[in-house]
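Q: Protein chains in written order, with our numbering: chain A, 63 to 307; chain B, 1288 to 1342; chain C, 834 to 1060.
Keep in mind the hints are simulated off the structure, nothing from the lab.
Incorrect hints may have been included.
As the list claims (entries may be wrong) - Under the rule of at most 30 Å between Cα atoms (straight-line distance), these lysine-lysine pairs were calculated in the DSBU-like manner:
#, chain 1, residue 1, chain 2, residue 2
1, A, Lys178, C, Lys888
2, A, Lys178, B, Lys1297
3, B, Lys1326, A, Lys82
4, B, Lys1326, A, Lys306
5, A, Lys82, A, Lys306
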Amino acid sequence: MAINWFKYAAPSTFYGLAGKLIPWFAWPAAVLFCVGMYIGFFVAPTDAVQSEAYRIIFIHVPASILSMIIYLVMAGYAALGLIFNTRLSSMMATALAPTGALLAFISLWTGALWGKPMWGAWWVWDARLTSELILLFLYLGFISLQASIEDPRRADRAGALLAIVGSVNVPIIYFSVQWWNTLHQGSSIKLSGTSMHIAMQQAMFAMLAAMWLYVIAIALLRVRSIILERERNTQWVAELAEVKQ
Amino acid sequence: MNWLEFFAMKGYAWYVWGSYGVSLLVIIVEIVLVRHRGKNTLQQLRLMRDAENME
Amino acid sequence: MSKLSLLSLLGLVISRDLTLAMRRRADVLTTLIFFVLVVSLFPLAVGTEMDMLRKMAPGVVWVAALLASMLSLGRMFSADYLDGTLEQMLLVPQSLSMLVLGKIVAHWMLSGLPLVLIAPVLGLQFDMSGEALLVLVVALLIGTPVLSMIGAFGAALTLGLRGGGVLVSLLVLPLCIPVLIFGAGAVTAVTSGVSPASNLSLLGAFLLMSLLFTPWVSAQALRISME
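Assemble the whole structure, with the sequences as input and the hints as a guide.
A: Written as structure tokens, this is what we have:
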């Protein structure tokens, strides 16, 4: 996700680049989404055990995977910003956080709606769902912390420290919850059988790719706003076509 | 293709469409909010520029 | 003035914080009372069926310990921050991490240790066996310092911010969950007839890891908050 050319490490140049890149991610995302949904609903067969309800996985699984990846990428950007003092890296972290949180929420919502017909309860204390809930709290903590700090540089660095500590904790939390779950014999949300029908795999990959591209597009869009807000007193912002009109 | 049957999802309609519906809603809301934020920011910047030009 | 060794710096910070806290004894007591109150609320809310209470006991005590620990976090840095002492501490040539560690130890002695000491009494309210009570005390003894340490990190990050206590709790509680799981798990293990050794040793591992990292990380957080 990072364009590693130093020229674009400056907010002023990245602003333009981001704007140009967004359609290149947004349109393929939309296309892949349609492809994924088509395969998922019209090509993939009915599951032997879970009937039609299993089709929720095509959004649940990508959302879960991405919410975890985004947290790590966010922490990575934040760490870069902290270590190298690059404002843009911190801005990317701030831009990714809400999307990650929303995906964690989608994962929990779809997980609950999948669990209810399968196990009869809206919330089963499945290890993965519980870890996902904790991940949502970690996101909300990051967002709240940054929202409570007025000075943008302090917000960047405090958030970075929190995100780094959070990432280190994620494996510990995951392990603890796994252990706790086996002890209390919660149900495990799994797919029937060990092998998935090829169409299910295709649909899953398409949806994962679609959501990944979407995340990049929306993060780029959000970071443009953040850049403008943070750089509002600079010359280059005043010279922008959108502002001059 | 029997569309009625398709939408019924063998009785799981609420769960399946509820999942996709809410997820889509969340994504649409996110897009709307981000674009709104962008428009707001630009508006603020224009106001700032106007204020400066007036001096 | 001779240069202070790290250990005597530690002692100095601890005794200073303890002395200051003794002048405001009410603060320390209110945390303790809160702990007792929260634990006592549960039987009132869920009924007095002994079997259920016995099963719930470790969880209830641990959640109460967590909440009580959160409550007292404000005290750790804010007083020194408000009167300018903290700024002076940042300029001290010796390790800031050591200073933070001193504050953490003092905090634990004032909020964690009393909980450990009063826990057996509360455990009896839930009809816990002697064995379970012992494991509970040991688990709390190992776990509450970790809570203080994680709390210190949160308190340092949120120094001087509005939203205070709630914000710190939001940041810190998710990070405390593993301690909660294994702390309560140790007691549950012993009541089910299994050895609590694995739980307790994991708690011990958390304690060691936090000792190694949290003072330093919290010191960095303090620097970030104080610029």
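Q: For each hint, tell me whether it holds in the structure or not.
A: Verification of the hints:
Under the criterion of a C-alpha separation no larger than 30 Å, the hint pairing A/Lys178 with C/Lys888 is consistent with the structure, at around 27 Å. Using a Cα cut-off of 30 Å, the hinted pair A/Lys178 and B/Lys1297 holds, with the two alpha carbons roughly 15 Å apart. The suggested pairing of B/Lys1326 with A/Lys82 holds, with an alpha-carbon distance near 17 Å, which does not exceed 30 Å. Straight-line distance between C-alpha atoms of B/Lys1326 and A/Lys306 comes to about 14 Å, which keeps the hinted pair within the 30 Å bound.
Restraint check for A/Lys82 and A/Lys306: the C-alpha separation of about 19 Å stays at or below 30 Å, so the hint holds.
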